[in-house]
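> Listed here are the chains, written in short residue letters.
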Amino acid sequence: MKVLVPVKRVIDYNIKPRVKADGSGVETAGVKMSMNPFDEIAVEEAVRLKEKGVVSEIIAVSIGEAKAQDTLRTAMAMGADRSILVETDVVTEPLSVAKVLKALVEKEKPDLIILGKQAIDDDMNATGQMLAGLLGRPQGTFASKVDVTDGSVTVMREIDGGSQTVKLALPAIITADLRLNEPRYASLPNIMKARKKPMEKITPADLGVDMTPRLSVVSVAEPPERKAGIKLDSAAELVSRLRNEAKVI
Amino acid sequence: MAVLVYLDHEGGAIRQASRSAIAAASRLGDVDVLVTGPDAAAAAKSAAAIPGVKKVLQATDTTGNSELAEPVAALLADLAAGYTHILAASSATAKNVLPRAAALLDVQPIPDIVAINDADTFVRPIYAGSALATVKSADAKKIITVRASSFDPVAGEGGNATIEDVALPAGPGGSTFIATELSKSERPELESARVVVSGGNGMLNGENFKLLEPLADRLGAAIGASRAAVDKGFVSNEYQVGQTGKIVAPELYIAMGISGQIQHLAGMKDSKVIVAINKDPEAPIFQVADYGIVGDLFTILPQLEAELDKAG
Ligand SMILES: Cc1cc2nc3c(=O)[nH]c(=O)nc-3n(C[C@H](O)[C@H](O)[C@H](O)COP(=O)(O)OP(=O)(O)OC[C@H]3O[C@@H](n4cnc5c(N)ncnc54)[C@H](O)[C@@H]3O)c2cc1C
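In the order they appear, the protein sequences are chains U and L.
Counting with UniProt numbering, you get residues 1 to 249 for the letters of the first sequence.
Counting with UniProt numbering, you get residues 1 to 312 for the letters of the second sequence.
No lab work stands behind these hints, which were simulated from the structure alone.
Note that the structure is a prediction, hence the values are computed from the model and not measured.
All C-beta atoms, glycine included, are put in the ideal place defined by N, C-alpha and C.
Some hints here could point you the wrong way.
Lysine to any residue pairs mimicking SDA-like chemistry, simulated, CA-CA at most 20 Å apart [unchecked claim]:
| hint | chain 1 | residue 1 | chain 2 | residue 2 |
| --- | --- | --- | --- | --- |
| 1 | U | 32 | L | 262 |
| 2 | L | 210 | L | 236 |
| 3 | U | 167 | U | 241 |
| 4 | U | 16 | L | 282 |
| 5 | U | 67 | U | 167 |
| 6 | L | 272 | U | 241 |
| 7 | L | 210 | U | 161 |
Each pair of labels, with its calculated beta carbon distance range [what the hints assert, rightly or not]:
| hint | chain 1 | residue 1 | chain 2 | residue 2 | range |
| --- | --- | --- | --- | --- | --- |
| 8 | U | 193 | L | 182 | 55 to 63 Å |
| 9 | L | 106 | U | 16 | 32 to 40 Å |
| 10 | L | 160 | U | 33 | 53 to 61 Å |
| 11 | L | 182 | U | 18 | 34 to 42 Å |
| 12 | U | 244 | L | 233 | 51 to 59 Å |
| 13 | U | 57 | L | 162 | 52 to 60 Å |
| 14 | U | 170 | L | 27 | 40 to 48 Å |
| 15 | L | 27 | U | 206 | 39 to 47 Å |
All chains should be modelled from the sequences, with the hints used to inform the complete structure.
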């Protein structure tokens with residue numbers, strides 16, 4: 001069976017993002033970029049399914065600038081077999097990305113699409129659900145455990161008060177939460193091998209998708225800064241301050 | 001303009017976060033609400049008592065389908081014709097359902113809003129709250145989740161809305177609800193608690209993590225955790241505060257043995273008063289803490305309890 005894994009290139013999670021001086025967005029020029037951490041988990045899950053013999057082929061997809069090639073190479077170094085770059089300079093939104101993915105799903109006919117639950121740049125948490133909606137297929141979001149057995153997948157999902165289990169007929173859409181697995185680092189030999197793996201390059205127009213964003217950014221600003229307070233010497237002083245100064249207890 | 005709010009409830013009681021979503025919605029137009037589930041009738045009764053609600057739509061369902069995104073998204077899409085905006089509190093349920101409904105309506109959702117500028121323009125955090133984006137939607141309908149900590153909840157009593165039945169559609173099929181496992185707790189809900197006591201990696205293990213309970217008891221607090229504490233199995237995932245966990249903004253947040261990485265701060269930095277107890281004076285948590293004590297939490301914890309008993 002075939003798995004499609006969409007991956008996004010984002011500012012590395014260890015880097016503190018800086019708002020551009022003109023308030024038009026967040027600075028990405030000259031900033032270290034990496035694969036969205038949740039997407040790494042999605043790739044890892046697909047690779048593990050392949051190692052178990054459940055999956056025969058993994059296709060990584062990225063929608064974005066030409067540089068997203070690096071992210072696809074990382075996915076292939078982790079174990080994806082081939083990749084597709086859908087190149088666009090237009091700002092991507094979950095809706096437009098879901099439309100691109102729908103077109104690719106119709107072409108590639110994967111049994112499973114595994115995405116990260118959210119991208120750590122726009123924090124939208126929407127693409128997987130939207131793809132499932134557009135395809136009219138079942139969804140298992142915020143997955144912490146995935147079990148594929150003949151024709152269906154059982155997904156344990158993280159919900160607010162605990163966890164929930166659903167069973168989905170294939171093809172199905174899954175979005176990965178942090179606890180699904182711990183992604184591997186690509187080894188040097190695998191990074192070398194990934195360079196020779198096939199990468200197809202197309203554009204949204206080839207798939208007939210209009211990428212025009214529905215949300216326009218009016219401005220981007222730094223949040224109000226919290227000031228560091230004071231260090232106290234004892235629990236007694238803390239309790240007294242909380243009671244008499246902050247008046248919160 | 002009329003606005004529909006999809007409510008979260010527990011056994012018929014409307015969650016406080018949903019009352020914050022109603023507060024946000026009432027800034028946009030007349031508010032109708034939707035409740036689903038086996039106990040939708042009880043929830044509808046509670047919802048009808050919320051001031052400002054015009055009409056309650058109840059979809060009672062005992063098949064488990066109301067637990068699934070597919071039929072609920074289909075229902076929201078069916079109901080959308082009568083509304084300019086569809087809102088919900090940013091809960092795991094809403095995040096599962098609303099984007100799917102948005103796709104059915106060809107709308108780009110606007111998640112996690114913290115402010116409303118006008119009917120099309122909203123403010124939302126991006127990059128784990130490192131920046132606030134003001135975005136304007138070109139869609140005819142808006143689909144929005146609301147960060148509850150940014151809107152004061154409306155009252156729970158005083159209203160008198162009408163109640164109407166709606167039917168949950170079958171959805172596209174292929175998805176079956178198996179089970180829900182909820183962890184039981186006598187403590188206040190993390191997202192609406194007045195005081196939160198959170199533990200991190202510094203708690204070292206699950207046994208030690210329980211040492212936070214006597215302190216939480218004294219303060220009537222909910223207990224939270226960093227991702228490191230959850231990953232290491234000290235507590236289960238619903239305790240996690242942060243970018244990918246719960247967003248809290250209590251009157252008092254006490255961080256015990258938490259370093260204060262940006263992903264954790266994303267979930268608690270809007271708290272009114274932050275207290276940090278950490279043995280590392282350089283820990284980034286001190287940059288946002290109003291009060292800090294540098295020291296071993298295992299020494300300070302019993303002292304705090306003793307002081308609270310004394311002063312109280
Ligand atoms: C995509 C992504 C999403 C994430 N989402 C979240 C999220 O939602 N929430 C979240 O919390 N994290 C999240 N993280 C993880 C985050 O980056 C940090 O790794 C995590 O918050 C660290 O937890 P911690 O502070 O408990 O652990 P540590 O960083 O290990 O800090 C432990 C602290 O305890 C102190 N300490 C140790 N022993 C004692 C003692 N005896 N007395 C006093 N102090 C002591 C230490 O000085 C240290 O500062 C995310 C990471 C990624 C990549």
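> When the hints from earlier in the document are held up against this structure, which numbers fail?
3, 5, 8 and 12
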